[in-house]
Each structure stands twice: as C-alpha cells, then as structure tokens.
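Got chain A sorted already, so can you dock chains B, C, D, E and F onto it with the hints?
There are 6 protein chains.
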Amino acid sequence: MDRISVEDVLLRNVRILSKSSPQEMRMVPRGEGSFPSVDVLKEIVSLIKGIVFPDFFDCHRNNEKIRSCYLGVNLEKLYSLLVTETRRALRFDNTYSEDEVADEASSLVLRFIDELPEIKRLLYTDVEAMYNNDPAADNFAEVILSYPVVHAMVHYRAAHVLWRLGIPVIPRVITELAHSSTGIDINPGARIGEYFAIDHGTGVVIGETCIIGNHVTLYQGVTLGAKNFSLDSNGHPVNVPRHPIIEDYVTIYSNSSILGRITVGRDSIIGGNIWLTHSVPPGSRILQRREVSAVFTDGLGI
Amino acid sequence: MDRISVEDVLLRNVRILSKSSPQEMRMVPRGEGSFPSVDVLKEIVSLIKGIVFPDFFDCHRNNEKIRSCYLGVNLEKLYSLLVTETRRALRFDNTYSEDEVADEASSLVLRFIDELPEIKRLLYTDVEAMYNNDPAADNFAEVILSYPVVHAMVHYRAAHVLWRLGIPVIPRVITELAHSSTGIDINPGARIGEYFAIDHGTGVVIGETCIIGNHVTLYQGVTLGAKNFSLDSNGHPVNVPRHPIIEDYVTIYSNSSILGRITVGRDSIIGGNIWLTHSVPPGSRILQRREVSAVFTDGLGI
Amino acid sequence: MDRISVEDVLLRNVRILSKSSPQEMRMVPRGEGSFPSVDVLKEIVSLIKGIVFPDFFDCHRNNEKIRSCYLGVNLEKLYSLLVTETRRALRFDNTYSEDEVADEASSLVLRFIDELPEIKRLLYTDVEAMYNNDPAADNFAEVILSYPVVHAMVHYRAAHVLWRLGIPVIPRVITELAHSSTGIDINPGARIGEYFAIDHGTGVVIGETCIIGNHVTLYQGVTLGAKNFSLDSNGHPVNVPRHPIIEDYVTIYSNSSILGRITVGRDSIIGGNIWLTHSVPPGSRILQRREVSAVFTDGLGI
Amino acid sequence: MDRISVEDVLLRNVRILSKSSPQEMRMVPRGEGSFPSVDVLKEIVSLIKGIVFPDFFDCHRNNEKIRSCYLGVNLEKLYSLLVTETRRALRFDNTYSEDEVADEASSLVLRFIDELPEIKRLLYTDVEAMYNNDPAADNFAEVILSYPVVHAMVHYRAAHVLWRLGIPVIPRVITELAHSSTGIDINPGARIGEYFAIDHGTGVVIGETCIIGNHVTLYQGVTLGAKNFSLDSNGHPVNVPRHPIIEDYVTIYSNSSILGRITVGRDSIIGGNIWLTHSVPPGSRILQRREVSAVFTDGLGI
Amino acid sequence: MDRISVEDVLLRNVRILSKSSPQEMRMVPRGEGSFPSVDVLKEIVSLIKGIVFPDFFDCHRNNEKIRSCYLGVNLEKLYSLLVTETRRALRFDNTYSEDEVADEASSLVLRFIDELPEIKRLLYTDVEAMYNNDPAADNFAEVILSYPVVHAMVHYRAAHVLWRLGIPVIPRVITELAHSSTGIDINPGARIGEYFAIDHGTGVVIGETCIIGNHVTLYQGVTLGAKNFSLDSNGHPVNVPRHPIIEDYVTIYSNSSILGRITVGRDSIIGGNIWLTHSVPPGSRILQRREVSAVFTDGLGI
Amino acid sequence: MDRISVEDVLLRNVRILSKSSPQEMRMVPRGEGSFPSVDVLKEIVSLIKGIVFPDFFDCHRNNEKIRSCYLGVNLEKLYSLLVTETRRALRFDNTYSEDEVADEASSLVLRFIDELPEIKRLLYTDVEAMYNNDPAADNFAEVILSYPVVHAMVHYRAAHVLWRLGIPVIPRVITELAHSSTGIDINPGARIGEYFAIDHGTGVVIGETCIIGNHVTLYQGVTLGAKNFSLDSNGHPVNVPRHPIIEDYVTIYSNSSILGRITVGRDSIIGGNIWLTHSVPPGSRILQRREVSAVFTDGLGI
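Residue numbers (the working numbering), protein chains in the order written: chain A, 2 to 303; chain B, 2 to 303; chain C, 2 to 303; chain D, 2 to 303; chain E, 2 to 303; chain F, 2 to 303.
These are computed hints drawn from the structure, not numbers from a lab. Each hint should be verified, as a subset may be incorrect.
If several chains are the same, the list does not tell them apart, and a pair holds so long as it fits within one copy or across any two.
Derived SDA-like pairs (lysine to any residue); straight-line CA-CA distance at most 25 Å [claimed, not checked]:
| no. | residue 1 | residue 2 |
| --- | --- | --- |
| 1 | K20 | N64 |
| 2 | K50 | E25 |
| 3 | K78 | S19 |
| 4 | K20 | G214 |
| 5 | K66 | E116 |
| 6 | K78 | R88 |
| 7 | K20 | Y132 |
| 8 | K50 | D233 |
| 9 | K66 | S108 |
| 10 | K50 | G194 |
| 11 | K78 | S38 |
| 12 | K50 | I246 |
| 13 | K78 | E248 |
From a predicted model like this one, the values you see are computed outputs, not experimental measurements.
Here chain A stands alone, though its shape is the one from the complex (with noise of 0.2 Å):
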C-alpha cells in the first residue's frame, strides 16, 4: 500500500469527523469540561462494595481499629472521586449557576455518604433473602461472592439514593454497569424494599416508576415494564407512573411479564411465563393453563 494514499485517506476522514453535525451539538450540556466518566463510576462502584463487604472484597480485618483506617481511606477516596463526577453531571442541570456547583457538589456527596450505613444493612438484607431462596446455596460467603443479584443490587441501592438525591446522568450509568455484567436491569428510580432476592436475573428488568415492598422475590426474565406511554405535544413520552406495584411476600417466577401501574397483592404467588396486566389482590395464586401438543408446528424459533 502506497504511503501517500494512506495518508490521503486518513486526512480526508479526518477533516470530516471534525466537523460536529448540527445533531453533535444539541448533545453537549452548556459551559466546558469533561463528561461523567464511567470507568470512574466503575471505581466508585468498586469501592462502595468494599467498604459494605469488607471481608470480600477489599481485605479481611478482624481488628475494628485498623478495619476502620481502611474504611477512612476508601471513605474519602469515594468522597472526593464522587465529588468530581457530580460536578460533571451537575453539567446537565440548571438550576445551579457555575459557581454554586462545587459546593452542591460536595453536599450531595456528603448527604450520599450519610447514607452509606443503611445501604449497607439493605444489602445484608438481600443477602440473607438470597440465601434462603436457592438450594445450591451453601453459604453466605458464596452469595456475596457469587450471585449476581448481589452485584445488581450494590449497584441499585447506591444509584437509587444518588437518584433521589437528584444528581443527573450518573445513577443511570450506574445501574447500567450492573445490567452490563448481570443482565439485570433496574431502573435508578424504582423503590425497592428490604430483602430483595432475585435468582438467576439475566432478563429482569424493572422499570423506573416500580414500587417493591418486602420480601420479594424474582426469577430470570421477569419484566416489571409499562403497558404502554403518552407522548407529550412534542411527541416526546411523559414520564408519568406506569409500572407495577408489588407488595410484601410476593414471589415473581421465570420470564413472566407485570405490565402497567397494577398492584400485585402482597403474599401473591405468580407462576413462570404469565403475562399479567390487571392488579391482583392479597394472596393470589396465578398460574397459567397450558397445553403442549405436537399436533401444529410453525417454526422451531432458533
């Protein structure tokens, strides 16, 4: 390959897509600076996880002195790496002036971090529900280590506060990382009770406006979604509540669908691959009928 052409094909593209399309700029928040950055956001993640399961995954210290001097240094590695990321996601609010946002900044963190203590008995929570739903499970040590609904739900409880905190952009980012790796997607904006077990999980998906109590427990493929949306006059949806509500005891099994704000009763039991668009009152069992026949075929669905 003749050097010059190389060059010439290089240069060319390069005076192309350096030229932003008019569609580029409505992308970029006002003012200067750099993006959330989500390998940062990774870090943060990574962190929040040792400093709530210190045993696992950062070291194991008997002494409460010295496991506290490791808890200072991550403490303050997550304050001032999550400081500097909700500068740049405040980006995208307007409420604040440039000015005033490094002190909101710093607050948020802080009212974050005031929080850190009961995001960590809610994980323990989980933990235990886990636990005490799976037969394979020998012990608690392997669903910290091993499930992926633990991960997930490192991941919700630390978004959802960020979330009603209000900082923009990052819970998103962040509960994304977990679908990512556990194909369980939870939006930031649902509320999720304690003892929250999800088996399996590739597949869930909860959506934003969902209210979980207690208790709960769902199978892989379980979509708690909207039935459908109203579009504001530009045509753009309007995000009103449109997903479940699913009270205390409720058991959720494999790739059924809970569509629309519906109320599913607490105690309720519903059974594998229902697609269930009304509310059910307390106690509920529902359970599909099906029939298997060899009689019609239309498609093997490869």
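Just chains B, C, D, E and F, lined up with the frame of chain A:
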C-alpha cells in the same frame, strides 16, 4: 505435598496436552502466525467509539483544529491496529496468496475508514431514536453514556462494514463483544437502517440474513430468528436467507419471536410475547389474546 | 464546602461502618485469612483457556517442544494460583483441620490438573457441535474466538471438576463469571455430556441437578429448572434432584422452560417457547399450537 | 506471632506518626492542596522529549500533517499537566493571591510552550556537538538514543526556561530527575549556550550561577562549583554569583574542579584532575605536572 | 530464516542453560522458596517514604484522624510486605529452624515498625541540615522533593535499622536501590548521627564500619573508605573496623578520600580533593597545596 | 485564561514544531519504520538476567525439567523481541538491502543466543570475583541481588556479543542503560576477561578499545580512558585503539585515571587517585606520594 509428585503430575500433563489431536489440527488455517486478538479488537472498537463520540469517550475539545489532532492520532492508531488484525484474519481466506495479504489488508482498512463518517451519522440517528422512545431518558448524553443499545450499535455498525468488505472472523468477534456486555446479539451480516432503537435489550437476537428498515424499535428478548434450516450434503446447515424482513416504522415489544423469511409490513406493531411465523401486512397490530387463571398449575418455573 | 464538616461526615460514617453487625459476623467462616479472590479465579480460567486452545488464547507454536514449554509454565502458574485459592476456599469446609488444609489443597489441585486432558477433549467436541449447528459459522476458529458457548463451557467444564472434588465456593464463582459475560448460567453441579451446543445463549439457565446427555443443543432463553422445592425444618430449601434429565440428541429451541425432575427422551425436539413439566418419550416432537390475533390487547409489554 | 500484639504495635505507631511535629509544620506552604508530583513531572519531560525528538521517542511520521496531529495532542497534554503542577508550585510563592494562581499558571505555561521551538533548536546543537566529540559515536541516532548528555540537556533546557519564568520547586525537581538517571547534576539556574557536550558525565556538577558559552565540552566528574559562600544573619547561606564563567570553545577534561566566580577564557583547554580557583585568559592550556612514584604509600583507597 | 533451525537453536540452548553448574548450586541457600524481591523492597521503601513525609509522597491531609487512617493502611501494608520478604531473607541465616522463621520474621518487623518514629525524627533533621547548607535551596519542600540525599537517607536509615536487627541481604539491597538512583553508596552497617547532609552526592561512598557524628556534611565524590584489608585463611577478606570515624560538625568537600580506621576530630574541615589516611585532631583545617602549570602534559584524561 | 488564546498558542507551536529542520533530517536513516525502542531493550536485558540467574530474577525451580520450560518460554520471547529490534537497528547499516534485513536479523539473533551459555559462565565468574573482593559481602545471593557490578556486567557482556556481531546502535543503548542505573560506563566495544570485579562503581569509565585481562578489579571513579584523539579530514575524531590494556590480576583503586594505549602489566596494583599515562611492567605497585598541609587554601570545592 511432596514436591516430586507435584512436578510429576505437572510434567505428565504437559506431555499429554502438548500433543495436538487431529481435531485440533483441523481448526488451524494455512500458514504461520497469530490469530486475531480479541483484546486488540476490543481496543479497536474503543477507538471507534472515541472517534464517533469524541466528547464522551475521548475528550471534549471545542476547538475544531485541536479536535482534529486527536482524531488524526486515533485514526492512525486505528489504521495500524486494524491492518495487523486484518492480515491475521485473511489467513482464513484462501483467495489471497501470502504475498497479497499485506496490500489487501491495508486497502480493506482504508475502505473501512472511508465509511466512518457514515457510521457516525447512522449512530447519531440511533441515539436520537432511543431518546425519543424512552420517557426515562433525560438527555442525549445519558443515552450515549448508559444505554446498551448505543454500545451494541457501535459494534454492529462497524462490524457490518467489515463484514461487507469480506473480512473473515473479525466482524463476528466484534459483535460478540457487544453481545457479552449488553445481551444484545446482532449478527454482523444483518442489514439495519437508520434510527434504530432497542430498549433494555437483554436477550435480543438478530439473525444473519435479517433486513431491518428505518425507525424500527425493539424491546428486550425479541428474537428475529430462523424457523428452521436446511442441511447440505455434508450435514452442515446451508447459509440462505432465513430471517425476517422488518419494514420501516415497526415496533416489536418484549420477548416476541419473529421467525423465518417473513415480512413485517411498515408501521406495524407487534405486542409482547408474540410468536410470529408468517408475514403480516403494513399497519398490522399483532397482540395475543391472554387468559390468566388460578386453576391449574404444572410448575412454577424457578 | 467547609473542610471541617467534610471530615466530620467521613469520620462519623467510618465509626458506624467499621462495626460488624451480628448479621455480618454470621457470614464469615472460621479462622483468619482472605476469601477466594474473584480476580485470581478469572486469571485461573484464562490460564485454562490458554492451555486448552493454545493457538487462540496463548500463542501459536508449531513446534511441539516449544509448545510444551509454554504449557509447563502455564500449568505451574495454574497449580500455584489454584492451590492458594483452594486453601482459602477450604476454610468453608469443616472437615479439615487448619493443619490438613495445605496438603489437601495441593492434592485436590493435582487431581484437577490430571483432568485437564479430558476437559480439553470435551471442549473440542463442544466446538465441533456448535460449528455443525450454525449456518453462520464459517470455520472452527470463528467458533472458538467468538461463540459465547465456548467461553461458558470452559468455565463450566473446569468448575464441574472442581465441584466433583468437593471444593467449596470456587466452582460457583467460576460459572458465575461465565454467566456474567455470556448470559449463560450453568450450575457447576449439572452433569453435561460431550458435543454440547448452545446458540446465542442469553438467558439460558441449567440447574444444579440437571443431567444432560451427548449431542444436546439448546437455544437462547432455555431454562432447565426446578418446578418447586421443599423446605427443611429451618425453612431453608432442600437440595434434592429437582431439575430435568435430557437424553442424547435432544434439541430445545429458544425460550422454552423444562421444569422439574422429568426426562426428555433421546432424539426429541422441543420447539420454542414451550413450557414442559412432564416427561416425554424418546423421539418426541413438542411444538405448541399458536394463535395470533389482533382482537384483544391488554398491554404491549414495554 | 499473636495477632493482638501485631495490631497493637501498628496502632501505637499510627498514633505517634500521625501527629505533626512543629518541624513538620514548618515545611508546608500556605493553603491546602497537593504538592507537585514527581511522577507527573517525569511524564511531562517525556512529553517534551517526544515533541523535540518525535522520531525517537514518540513515533516516526514522514507526513508533516500526521506528525502535527501527534504534536497537537502531546502539546495539549503537556499544557494540561504542566498547568496543574504549576498551580501546585505557585503555592510556594507568596506573590499571588489564591485567586490569581489559576490564571498565572496558565499564562506561565503558555510562555513556556512558546519557548519549545528554541529549546528544540538548542538540543539539536547539543546532539551535533556530542557527535563531533566522540569517536565512538556512529551516527546521530545513537547519540540521541543512548548518550546521557542528551537526556540531561532535555531536562536542563526545559527546567531552565521554567526557572526563568519564576516557577518555584518544579525546575529543581526536573533537573534532579536527570541527575538521578545520568549522574549529571545541572542546577536549573545555570546559563548554558548552544553546542554543549558532556561525555560520560557521571559526577558532573554545574552550579546555580554558572555562565557557560557556546561550544563548551565537559568530561565526567567535572565540577563547576563554588569556592565557599557567605551566610546571612540567620546563618543561611546567601545566594550570590559564586560559580565560574566558562567562555566559548572551552574544553574541560575529566574530574577537574573549577571553583568560584572565576572566568575561563575562550578557547582554553583544562586538562584532567585540575583544581582551578583563579581566572585564566583566553587560549590557556592548563595541565597539571604529574609525578608517579612507588616510594611512599599511605593507603590504597578502596 | 528457517523455522526449524530457529527452534533447534532455542531448544539446544534451553538444554544447556537449564543445567545448574556446581558454581550456581553454591549460591542457593538451604530449603525451598523465593528470594527477596527487589521490586517489593522498592515498594516497601516507597511506603516508608509516604509514612515519613505524608504531605509529599502520599497525600496531604490536615485532619489528624484522616491522616491516621492513611498511616494505618500503609503501616499494615508495610508490615505484611516486609514480613514476607524477611521470611525469605532468613533462609540465609542458619540460626533459625524452618519452623521458627515465620514467628521470627513477624517479631523483627514489629521491632522495625517501632523504630519508624525515630527514623522519621532523624530524617527531618537531615532535611533541615541540607536546607541550611545550600544557598540554592528555596524551601524545605524543594529539599524533600528533589535533593538526592533525602532519598538516600530514607533508604539508609531504614536499612540500618534492619541491619541492626540482623536481617540478611535486605538492608544491602535497599541501600543499593538508593545508590542506583542517587550515586550515593552508603553501606547499611555504617552508623550516622543526626543532621546529616550530602550535597550533589554522586560518587559518595560510605563504608560498612564508618561512624559518623551529628551535623556532618559531605560533598559529591567523598569516599569514607578502607585503606586496605586483611584476608582470612580462605583468602576471603576479614570484616573488621576499617573505615573512618567522623566526629560532630565535620565538613568534607568534594572528591576527598578519607581512608582507614582514622578519626577526623570534631569541627574539622577537609577541603576538596584531599587524600587523608591519618587521624586529625578536632578543629583541623585540611587543605591541599595546589599548583597549576602549563608546562608539562602527559594526557588530557578524556 | 482565555480558551481562545490557549488554543492559539498550542496551534502556533504545533505548526512550528512539525516542520523538520535540515539538521533533523540528517539524523534519520534510510527507509521507513521505527527506531529501536529503549523500553524493549530494557525488557530484553531483564529476560537475559532471568535466563542467567533464574533463581534470583525469574523463579526458583529445583526441578530441571520445569526450569527448562521457563527457559524455553523466555528464550523464545527474547528471540522474538530481539529480532524486531535488530531489524530496526539494521536500517543504520547500508550493507544489507531492505529484503535481506529480516533474514539477517534472525540469523544474528540466533548467533547471539548460542553465546548465552558462555555469557552465563562469565557472569558467574564475575559474581565470584566480587564476593571474594568485598569483606562486606555475606553470600553470593547478596552479590547477585544488590551489587551494581553484576547489573552492569549483564548489560556489558550481552552488549559486547551484539557489538561483535556488528549490530548497530543497540549495544550502546544497552550499556547506557547500565550506566544510568549504576554509574558504571563500559563501552560495548571493550574486551573484558573473566572474574572481573568493580566495587561501588560510580564514575567508572571503560573506553571502547580497552583490553582487560582476567581477575582484574576496579574501584569507584576509575577511568580507563583516552589521552587524546586525532581528527579525520572532516574534523570528526578517528576511531583507533586509544584506551589502555590491563593485564591479568591487576587491581586499580578508586578515582585513578589510566589514559592512552598503554599497558598495565599483570599482577600490578595501582593505588587510588593515580594519574597514569605510560605503561608499567608486570608486578608494579604505583602509589602516589601525598602531602597534606594546612598552609594554603585556594577554595573548598563545594
């Protein structure tokens, strides 16, 4: 443990494992040299992502000339890495002699680079389509930073161009990288128009001979698959058009399977959990009758 | 933000978070020391992948003696890393005294290494099976480099041997690594024969007590699960055979659920989206009657 | 070792070491924030080396436009890193208020960048001079890649410009980096003309107030030092001109010491092991009378 | 190049090089296991530097409690790394049985950690002495960040404590690390008082049995060496006091050699380039008569 | 700082710096491609160190077969890295056509590898010599791990073989790496016998045409240099034998300079600080008469 026996066990297995079975020999292409490297291909897609969305994944530069410096460096790096990988991949294609491979690789990669502006244009339409489909999306930046479909489409749109250029192995490795991190499995051979959106995405499968129009939207778990396939005289399946054609402005809701070389006419809506194996005309509304009963249970589907 | 108050918040939460709750104490095994490290286990599987497919993931060496040098180094590294992790894992097993753990770990790992040639043999049958099942597969190399099932089976086949050796925690962590990157969730306790193929794979779940014969093929979203399970007197589910037996030459298409300790007889074909909770004899063709209507809609299932 | 006592010892020393002694307090400048980072300054000099010798330390590009892309990226990186370090260093200068520091740092760094073409020009004269002085040098490339003087002069010439701009601390750290890797210790305050060569170089010391002309050559172990210095009323030494002036075309051979504010006239040659403390006129040949005897030994000098 | 012959050459030399010569066997201590790692020892000294100068090499924290968290983490890391290296080093000492080594290593390292506050105190006296000796030093920070003597003394003062504790091999490796980066070669066995300064430093050698008082200052190229040494009956040199004693407040200028077990009395000044092999009383001023002539040249000393 | 002016300054200097001066053009060899990489050459010497001292710098393996696996892998890595660097270096040699370079590089590197056993043998004699010369050396391991001469001799002995093979540039870069980290500057062209020792070493210079016998010992600061050199008609110095010949069993103490093509006869001892420019017969004892006086001071030599 006795050192002697440790070393005996190690060396015994070294001896066995270093012999290539006949099966193993069949897997290796002609000639010498390394195989395409999955890690380098991952880096290549990262470069492309930074070239397409320079504000998000590389660095934000308002000044067009400075930005073009970054683009120049990244394009040259991309060229150099991709030429090496393409040379390795061309060993699987018997069309070229060993001597022609270097020139051919360079020429193919330059043709790929000439397509980058179009790849970029298409990806921005995908971002816009996704934003317009999700009430939970607050701004374009959130979509680019956190929606799995954007990640999947960067991989697919680059891989599809490489596939059209006839480069072996690499396109499939690239789309599988996206499948691994998003659960969205798009075969690089599929043809997909502009403004393409997938929400949530886990479990989506789009087969090799699919043809998808503009403004099409899919939800999680949608399969655009084959109904069945014929075998050749060696018992190996024959690669013929066997996946659906989806026309413009079609929406397919979660967990539906569209199977075989059928056509879903433009402006159609396919509801969730549909199993469709025959063509439907433009403007169709396909929604399955559902009944939920508490009568008969034959398993919870854990 | 006032530095004083930042530090106050950090130190206040250090104090709270450094106290172990009673719940937290229950999760820790006897004795001192670190837990198995997920990152090291990831490295261990990479070594195994390089040992099994030396041309693809390590380095291509035609000369058998040179290749055996690479194998020797990798096998010794594998031995050394896996002994350390096994020692850590054996803390979860009360059978061994602290003193016996080191010898036991070494002995177990050597038995694992003696199984590597058989693991390799089985994996090559899986590659061949996958190649023969997919018309889009151009050659064996593409299958090895890009098909998620190969990645999943390396993890599963290694984890299953470790599970048979009775090593706690580690097998589950290893298969979960594959679940995270492929969406294929195979419990290490499952028994799977040779020539096993899974296409696409996202959402596949294979339970702990499954028994799968030779030449079995699955598609995405297939669940081989439990129908329900009994609890012991503590309310913890009992670990008994509760997942299906799939005989030789069975194919199960996408999104079907086979639930409970039932048997699918050899040479059977189970179509897509089937919900099967009773045994079927050899040679069965199970395909569900489907009707599609536009009559009644109770939700789109977003 | 008893875990308890290990932790006791650690915590006891944590308590002692975390208290700042009064001495320690004196060392810290006003305000908050990090100190200049030695590692970042190392990276900054690497960038400069790549900018000055792009073929050697960065990447060889015949095409001027492609080369300018690399330069643009490296210059911007240099700007951004050096501004941060300069801000940190300006804390040591009480001239600027906290508010002025950011603007001042940026302005100083831009003035530095405007000097880079002259730094480059001077360094090429040094390379040429070195090449012309050493019969063992085969080509310019060998000189640039392996002669310690080139490494030392990149550090010195950059540090000297920063020193002239009045930036505290950083210039000295930069020349000390070269001292550490070459044994050549040039104070950034020294003034050195073009075509400067040092062969071997270990042990060369060039003091802060030296003035060195063009076409000067030094050999290993040469000291251009002070004869003595006066103390101020606090007993701290006074910083006045106290090092030699070396005029054009002077050569000084190995291990000679030229001490005090004296002048070595142009075209002079100072032989090896000379101890010179008074000025010499242009054209001098200073060579020491030597006698070697076997008569009297008072030590071997191991 | 023919692949066959490449592999032949490689394998032929593998065979030769893998045989241990008798000479090689003599170099290995009893037992199994790794040797102390130079890289880990480098990391250990970095930890010590960060513990002693937390504002400079670790991170600046005004809050004492936060700072103590960093210290706790670093001290524990130091403890853990140094215990491992000490165990490895104790293999060279036949005093301890294999079983005693672990306990002994831990106990020695704890005694080292108990000396850290004193090491810190001494190092601050060295910084102060250096600052007071150099008119070019602008502030303490510049001294700590850039003066090679500080780097050398951190290594020496830590190594000397380890040497006094009788730990083999490690002390020498640590001081050699400083020698490599500063050109200052201090044997860990030397005894050095407080307020010790070395300017420039390249070529300084301080022998194993030196005794140096307080407030001593050296310049580059000073040797405190042996005059000669006696051999034992095996022809190996005998390790007896053979290096000088330098009393308080002595200054020795550049390139002087002080040789043998002589004493330089307190408050003495030794000029540059002096060769001193007999003791001198307190208050001495030793300055060499110099004559410079242009008469006779017997070589330039390139 | 105004963004506009920042970018203006950057772009202005990009323009200037991207133009190659005529001087710059002269430094580049014919053809295209990268220059030898200093970092890769560093890695190459590390590999050699691990091959020669496998117990110290690679890993300790009692089992000869396991050890030979490590050697095989390292030798192949060495071969592959060194062939690439040699190709790059051969661009500086006009003897070979572009087409011959690849074969020639491979052939030269194989000849180098065939010398490794002899390099190893020589290095063990150096270790033994050093051990026998230093009363402070406790065992061979300490010498190998911490004595700079060992590091310097690994570089020199490898570089000398490459120099004898006629490979340009690389030998000098390799010995300069040792010079940088030890202060010992040995030109790769020098010829040095077995059992060679240098204590401390800082400032030692050994010129290109030196010939050194067996059992020679040097101390710090010794120069084996040229007295002066002749220029060719272009004013470039001529490369003729111009450095000393040191016969067997010679010891030269610290800071002595032996200059010119003279011979130091076998069994001679040269004391410290000697300036020797004429040959001395075997068995010489050259020690300088010294007088120390307090009479006349003309400078302290700071």
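Subject >> Hints violated by the structure (numbers, ascending) >> reply: Checked against the structure, the hints that fail are numbers 4, 8, 12 and 13, while the rest are satisfied.
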